[in-house]
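Chemist: Protein sequence lines correspond, in order, to chains W and A.
Quick note on my numbering: the first sequence kicks off at 222 and runs consecutively.
Quick note on my numbering: the second sequence kicks off at 824 and runs consecutively.
All the given hints hold, so there is nothing to weed out.
Stretch-level coverage of chain A by chain W, calculated; a stretch enters the list once three of its residues show a Cβ under 8 Å from a Cβ in chain W:
| no. | stretch |
| --- | --- |
| 1 | 855-864 |
| 2 | 887-895 |
| 3 | 953-961 |
| 4 | 1029-1035 |
| 5 | 1051-1064 |
Mimicking BS3-like on lysine-lysine, the simulated pairs with C-alpha atoms at most 25 Å apart in a straight line are:
| no. | chain 1 | residue 1 | chain 2 | residue 2 |
| --- | --- | --- | --- | --- |
| 6 | W | Lys242 | W | Lys252 |
| 7 | W | Lys288 | A | Lys1065 |
| 8 | A | Lys1065 | W | Lys565 |
| 9 | A | Lys893 | W | Lys242 |
| 10 | W | Lys242 | W | Lys331 |
| 11 | W | Lys596 | W | Lys446 |
| 12 | W | Lys287 | A | Lys1065 |
| 13 | A | Lys1065 | W | Lys561 |
| 14 | W | Lys287 | W | Lys331 |
| 15 | W | Lys252 | W | Lys275 |
| 16 | W | Lys414 | A | Lys1065 |
| 17 | W | Lys242 | A | Lys890 |
| 18 | W | Lys446 | W | Lys594 |
| 19 | W | Lys403 | W | Lys414 |
Because the hints were derived from the structure by calculation, they are not lab data.
Quick reminder that beta carbons are idealized off the backbone N, C-alpha and C, glycines included.
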Amino acid sequence: MATPNFEVPKFQDHAVLDIPKVKHGAMSHMKSFVAGQATQEYLGYPWELGEDWKERAIERMGEVLKKYRSVRVFLDACVHCGACTDKCHYYLGTADPKNMPVARQELMRKVYRRYFTFGGKYFPWLVGAEDLTQEVLEDWYNYYHQCSECRRCSVFCPYGIDTAEITMAGREILNYVGMGQKYSNEILAKVQKIGNNLGLPGPALEDTLAGLEEDIEADIGVPVKLPLDVKGAEILLVTPSADFFSEPHVESLIGYAKVFHAAGASWTLSSHASEAGNFGLFNGNYQTMRNIAMRIRDAALELGVKRIIVGECGHAWRVAYSYWNTLTGIGYGGDDPYAKMLQKQLDPRYPQPMHICEYTWDLIQQGVLKFDKSKNDHRIITFHDSCNVARASRMGNEPGGQFTIPRNIIRAVANNFYDMDAATIGESTYCCGGGGGLLTDDLMEVRVKGALPRMNAFNSVVQANGVNFLALICAICKAQFTKVFPYYGFDMSMVGGVHQLVSTAIELD
Amino acid sequence: MSALTVFYTGLFYIATLILVGGVAYRIYEYSRTPAPLKIPTTPAPINSTGVVLRMAREVVFFESLFKSNKWIWVFGWMFHFGLLLVLLRHIRYFQEPVWFWVEFIQPFGKYASFMMVAGLAGLWARRFLVDRVRYISTPSDHLMLALLIGIAISGMLVTFVVHADIVALKAFMRGLMYFDWQPVPSDPVLLVHLALVALLMIVFPVSKLLHAPGIFFSPSRNQVDNPREHRHIAPWAAALEKDRA
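Whenever a hint applies, use it, and build me the whole structure from the sequences.
Modeler: As structure tokens, this is what we get:
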């Protein structure tokens, strides 16, 4: 870890942070790298501001307002009550008032008012309306890339205003005028060209999986397989590509493989759909998000699978659970020929898609899996609810299954489990600080400071219960925490997946 | 008919037209704008009965606000519930005979105005005292509170201090309803009260008061959590599929 050129925030001796006093402009210097020509052109966007950028921005805003009820209603409904002002982890960690959810929305709302409402057109000074200037656009760029679209504010807003929807619209407009973000947009290009966010070609993936099979067999003496592109397999596993190469992600991949092995399941990965993540979500472009999701539909049709299961990844699970049916017809209830074509192939006894935790928990309940829980006894575990799983999806048949099922699995495979403070988990969970397209080194200051509320609550269970393992089910959270832990004095090996715990304890014949 | 009566008669017709027409137009706009994706804030109800209950808890008890901030909740709820009682009490100025339950709530409605003003004062104080709320407050936020407090105080003065000719007021209001125009009572405080109410009606459809219809259209609150069982697709999104089927 390089010496940071900013001050790492200090822990407080209580789990829930005090609300900081407003510090104007505290993060106004924070500008993520802008995407270059090749990337922007590949995505169909300009790569610099043209003469008519302002007209284009207003035009795009008008289109978004017609297409998205969320943006339309959310821009009108806010009363500036202040309920959300202390709910964003980036505000709590930076004290920059533009990181308060309402103020982040206001960056767009003041422009919306100026060009689209009666009050803003005729009395701009009265209602806080402002012209769209280059300065405002810069603010948009900086602060719409200091939002991880985690939806925590939407839980607490009396009208359910979700700043994520505004951030997404803001990024789409920024892209449309030529100000894309380098990190997210390069990933969007890679996944569409190659099939995954890391840009791993098929042969590299094949080698990696073969190597992992050897490692597992050398380790436990059981030939656990990681099949790729097997036509006629029953289950297609779609997982974030980080699971193939990154630590600790790969430990969870091994965990999934062991679960499939123990269940005797016929399963496969796909080189065409080797990415569960979908950064199209972050940028608010429906078409891009659909193009990326379509690779999974195509792979499912080509391989002829009956079930689709998704690995540990927060935003991927949001897109899979909430959007795949809409975008690609992976799910039920569609009566159009497009949706039916896939439905008649899928096994109607199971929800489609299914989360790997739902799958594992079902098997545990059926008594199919055997564990030696004592193998996890060196770990004292807590669980971090990832934002997109917690507030934008579900597992199981009951609301809140996304909270109980992963914890049930942990309790089934390990003896030592403690939850963090109730105000920082479940629907009130704090983002890891690196979600929503912020997982890039040029935003390290935002990431470290934004992680403070989560780190502080984690520190409380470390102090009180001796916790030494943060379990979670999100590839971005895993990558973010391994990077941010050292700033707060923790070891990065304290971070890992729920299926890493499963992998440790599972007994295979 | 005096110039004053002509003015107030015209004012209330215009204000009513703007309020009803404006809000109806907003509702029409919101309802025809599609929500292309499933975005309920989860955990969310998994059937429509659950959604009705969730919305009812939001509208009646301000559930999310309660989770969020107890001060805003208590002031906001005092104001809104006080306003509701006060409004219900005012039904008596529009009907003859007066419904039993309107008679019944009359005393509650009168004193609810104190609760309403206390709530508004609390909300206004936060705009000065809490640095985060001060940062986000615009002139219109302050003016809206001033307007509401002005309406409340002028109404309370008429009710409790400088009693106005309520019989004449009722005749004026019913005259508006039946197009049989009657003179507006000339008590100055009552005239101020009426003018401020008309102003509130006029600004309603172009202001943040749109949170009232808006909440019912908020996708994060009004959607059912069932994306795996039901295919949700907006017309503009379905059009993208023509090439793929």
